[in-house]
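Student: Protein sequence lines correspond, in order, to chains A and B. UniProt numbering numbers the first residue of the first sequence as 1 and each following residue consecutively. UniProt numbering numbers the first residue of the second sequence as 1 and each following residue consecutively.
Hints in this document: simulated from the structure, not taken from any laboratory. Every residue gets a Cβ at the ideal spot worked out from N, C-alpha and C, and that includes glycine. Treat the hints with care, as some may be off.
Just so you have them, the derived chain A footprint on chain B, three or more residues with Cβ under 8 Å [as the list claims (entries may be wrong)]:
#1 118-132
#2 188-195
#3 205-219
#4 325-339
#5 385-399
#6 433-442
#7 447-455
2 protein chains.
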Amino acid sequence: MPLPKPVAALAPPMPEPLIQRFKAIVGDRYAITDANDQAPYLRDDRGLYIGRTSLVVRPANTEEVAAVMALAHETGTPVVPQGGATGLVGGHVPHETGAEIVISLNRMTAVRAVDPAGNTMTVDAGVTLQQAQDAATEVGRLFPLNIGSKGSCTIGGNLSTNAGGTQAIAYGMARDLVLGLEVVLADGRIWHGLRTLKKDNTGYDLKHLFMGAEGTLGIITAAVLKLYPAPRSIEAAWVAVPSAEAGLALLNAAQERAGPSVTGFELMPRNLFDFVLKHLAGARDPLAEPSPWYCLMELSSASASGMRETLEEILAAGFEEGIVTDAALADSIDQRNGFWRLREGMSEVQKMEGGSIKHDVSVPVAAVPAFIAEAVAACLAYMPDCRPVPFGHLGDGNIHFNVSQPVGMDKAAFLDHWDRVQTIVHDIVAKHGGSISAEHGIGRMKRDLLPGVKDPVAMDIMRQVKAVLDPKNILNPGKVL
Amino acid sequence: MPLPKPVAALAPPMPEPLIQRFKAIVGDRYAITDANDQAPYLRDDRGLYIGRTSLVVRPANTEEVAAVMALAHETGTPVVPQGGATGLVGGHVPHETGAEIVISLNRMTAVRAVDPAGNTMTVDAGVTLQQAQDAATEVGRLFPLNIGSKGSCTIGGNLSTNAGGTQAIAYGMARDLVLGLEVVLADGRIWHGLRTLKKDNTGYDLKHLFMGAEGTLGIITAAVLKLYPAPRSIEAAWVAVPSAEAGLALLNAAQERAGPSVTGFELMPRNLFDFVLKHLAGARDPLAEPSPWYCLMELSSASASGMRETLEEILAAGFEEGIVTDAALADSIDQRNGFWRLREGMSEVQKMEGGSIKHDVSVPVAAVPAFIAEAVAACLAYMPDCRPVPFGHLGDGNIHFNVSQPVGMDKAAFLDHWDRVQTIVHDIVAKHGGSISAEHGIGRMKRDLLPGVKDPVAMDIMRQVKAVLDPKNILNPGKVL
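So here's chain A without its partners, still in its complex pose:
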C-alpha cells in the first residue's frame, strides 16, 4: 500500500445552493463545511488516506438519511457513508478530489429496543460496539462481536464491513449476528427489514447483500442483533507451543473436546510478543521460558462449571503429545484480561518498531502452518532483515501477516516495498485458496487487486447488482468495485 499520490484534479466545488439544500435537511448545526471541523471525517487511523469534501452531514435519524440520499440521487451527488471512521482499507474516507459529501451516522445512537426474552436487540447504526455490548450485558446477555476498536467503531460500520474479531470462532462474523436490517437505498427509499425472526424464508435474503458491501449498495441505518446467554464460566490460558503446527493440533484437540465452547483461539509468534514486552506498559511474560509460538485459548460456557476442568484436560493431553510445552491459566478476571491485553496490544506495538507492511489474509484453517512457513521464507528471501510477525485468529484461518521493517532502515524506503512484498504474500495466499481480505474488506486499498483474485463471473454479478441498486454510482464510488 504505497501512500496515496497527490491528485492533480480537484472536483469543482459544490454549488452553494446545493449545499444549502443539504443543510436544510439536517440543520445548519449538523452540516460541517469548516475544514478544521471536517478533519476527523476525512482520514483513517493509519494516516494512509486523507480526503476532501465540500460537506459533512450528520443526519439525526433514518428519515433524514433518506432525504439526503433522495437529494443526492436527484442531483447526482456522490456520498461516502461513515460510522466510527475506524476502517483499515480507506472505505470510509472520501477521495482527494472532494467530489463526495460525507454522511456520518454518528448522531444516530439510540438503542431502540432490548428484548432479553427473545434474545434480540434493535440499535441505530451509530451505536458503538461497546455500547451495544454494554446494553446486552445490562440484561444478562452477550453480544459477542468483539474487535479492538470497539470503543469507537459503530454497528453500522461493523455490519457494512462484516467485521470479524476474536469471538468469530464460536459466534461467526458480524453478518451471522443479525436478524434484520433497515437500509436507505441509493435513491432515498427505505427498506424496512427490522425483523426479529429466527426463521423467515419469504424470498431472497437481502440483508446479506447489504452487509459486507461497504456502503456501496445502501446505507444501513439500524439492525436487529442476536443476543446470547451471558457465559457463566470463562477460562483462559496463555499457552507455549513449539510451532504453528502444534498450535493447530491444539486447536483441533480443543474443538473436539469443547466444540462451541472454544470462544477464542489466537496464535502469536515470539518476535511479536517481544515487541509487546518492550513497548506495552506493564506487559510481562506469564511464562518463565521463551517459546517460539504462543496460543491464547479461551473456553466459555453458559453452564456455571466444568470449563476449568475441560481446559486442564485439553492442556494435559497437549503436554503428553508434546504440542504444549508450558501454560499459564488465568485465576482471575484480571489475569484473563491481562492475557487479552497482551494479545490486543500486538497491533499497537508494531508502530513502535517502524514501518509495517500489512496483510489481512485467510487460508483454510488446516493450511495455516504451511502458509506461514512459506510466506515467512519468501519474505526473508526478498529482504533478509525484514521481520515477519504473523499473528491472529487461528480458529478462523485468519492471519494478520504483517512484516515489520529491518532495524535501522528508513521507514519510507521500507514502505516503498509494499507492492512487491504484498505480491509475494498474496501469491502464497492464492496458492492455498485463500482470501486477500479476511475481515477488513476491500475499500479503496484493495480495489485494484480484487479483479485479479476474484472469480470473473463473481465480479460480473457484483457489477450487475451494483448497477441495478445504484444506477448513478453515487454510493461510495470507487470503493470495492
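Fit chain B to the given chain A structure using the hints.
Tutor: Positioned in the frame of chain A, the structure of chain B alone reads:
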C-alpha cells in the same frame, strides 16, 4: 391452498429439433420424454401440484448443467431446477402448461471432498442429506442439518430453499452451514465459488443471494459445507409441560444453563400426540399421565460428560417452578430415537385424520404462546369442530400451525376453507411481526401472498435482482416472484 385449477391453455409442444439439441447435451438415456417415466418429476409429495413437460433432462455434471442453461437462454426455454422433489410449496414442479423443461440434478451425487481437519466437505447438489450426514459421520464429524425427508431431499434443494429442521436452534438454517457454492447462472455461465474459508471479505456475499432463492436466480450445482465435531454426549427428555407458556419458560431456562448445547427443542400439543398414539405403529406414551403439552428437549456436547447432569438440573428446576409436571429421560440411543420418532411421526399421522390446512409460520420466540392461543381461538371461532394441532421448533419461533378437519366432515369440503383459514392464521402472524413461510419457502403456493406481507421496497429489490440475473425470466418462472 385450494387444489390447482385445471388449465385451459397448454403451451405449444417443444419443437422436436430443440428437444434433440437438449438431448445431445445429456445423452438420450438421460433425457426423459415418456410420460410414465416423467411422472415422478412432475408432482409434489402431497399431490397438490401435477405439472407437465416436454422434457426432463438429467445432466451428469456442472458442465452439462451449464450447457443446458446456455441453450435454454439462447432459445428462451424456461426451466425448473429440481433436486429430491420433496418441496412442500410446489417450487420444484413445472406448471400445468408444459412450457418448462425440468433439470433434475439427481445424477450429480459425488461427495467431492471431505476434510475433517479443516471441518469442511464439498458435495454435488444431488447428494441426499442422508448421504451428506453419513459422509460426515464416517470421519467423526457432524453435518447438523436434519429434516424429515433426509433420505430423499438433496443438498442442492436444501440450500435453494434454505431448509430449517430440528437442529437449527443450535446450528442455524441451511444457509448458515455453507462456506462456498458453485452456481450455474441463467445464461450458462458458471460461478466458481467453492471456497473453504471461514472468513472472506472480498466483495458482496453472493452465496446468500442464491441460497433461499428457490432456483429463480441460478442453479446451485455444488457446495462447501461446514462440519462440526461429532457430539460425544447426547441426552434427550420427553417432558410434560402444563402450557405453551411453560414450554417457553423451560426453553429459556435450558438455554440460560446450556447455551448452544441445546440442540433440539420441540413443542407439541396433546391432541396431535393422540394422533401419533393412534396411527403410528409401535408408538406409546413415555409418561403415565396425559399432559396438555409436551416438549422434546435434546442437549448435546463435544465433551464426553456433563450433559446428563445439566439436563437433570434443568428439569429439576422446572419441577420446582411448576413449568415441568413429568419427564422421561432417554437411557439409551434407542429410547432417544424413539422420542424423535414420536415427534417426526407428527407430520405423517395428520393424513390419517383427513384433510389438513397447513401453515409454516414463525413469530418472535417470546410471542409463540400468545400466537398459538390467539390462532387456536380464531380457528375455533370460525369452525368450532376443527382441530388445530400447532407443533414444531419452539426454539426458532417456528410453528407448523396445522388445522385438521372436523371428525366426519368431507375432506374436500373442509379444504375449500383453506383460503379463509389461512387468512385468519396469517393475520395473527402479521400482528406478531411473523413470517408466513418460516422454512418451506414461497414456491408457487405462497407466491400470490408474498406482495401482501413483504415490505414493498424489498419486493422491488427482489424484482430488480431477478431481472438483472435472469433477464429472460427462464429460471423457475412463476415461483417466488
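Student: For the segment 433-442 of chain B, count the residues whose Cβ lies under 8 Å from any Cβ of chain A; is that count three or more?
Tutor: It holds: at least three residues are needed, and the segment 433-442 of chain B offers 10 whose Cβ sits within less than 8 Å of chain A.
Student: Apply the coverage criterion to the segment 325-339 of chain B and chain A: a residue qualifies when its Cβ sits closer than 8 Å to a Cβ of the chain, and three qualifying residues are needed.
Tutor: violated (count 0)
Student: If you look at each residue in the segment 385-399 of chain B, do at least three have a Cβ nearer than 8 Å to any Cβ of chain A?
Tutor: holds (count 5)
Student: Three residues or more, CB to CB closer than 8 Å: is that satisfied between the segment 188-195 of chain B and chain A?
Tutor: Since three or more residues must qualify, the claim that chain A covers the segment 188-195 of chain B holds, with 6 doing so at under 8 Å.
Student: Tell me if chain A covers the segment 118-132 of chain B under the three-residue, 8 Å CB rule, please?
Tutor: holds (count 3)
Student: For the segment 205-219 of chain B, do three or more residues have a beta carbon lying closer than 8 Å to a beta carbon of chain A?
Tutor: holds (count 8)
Student: Closer than 8 Å, Cβ to Cβ, for at least three residues: run that test on the segment 447-455 of chain B against chain A and report holds or violated.
Tutor: holds (count 4)
Comparing the model with each earlier hint shows a violation of hint 4 alone; every other hint is respected.
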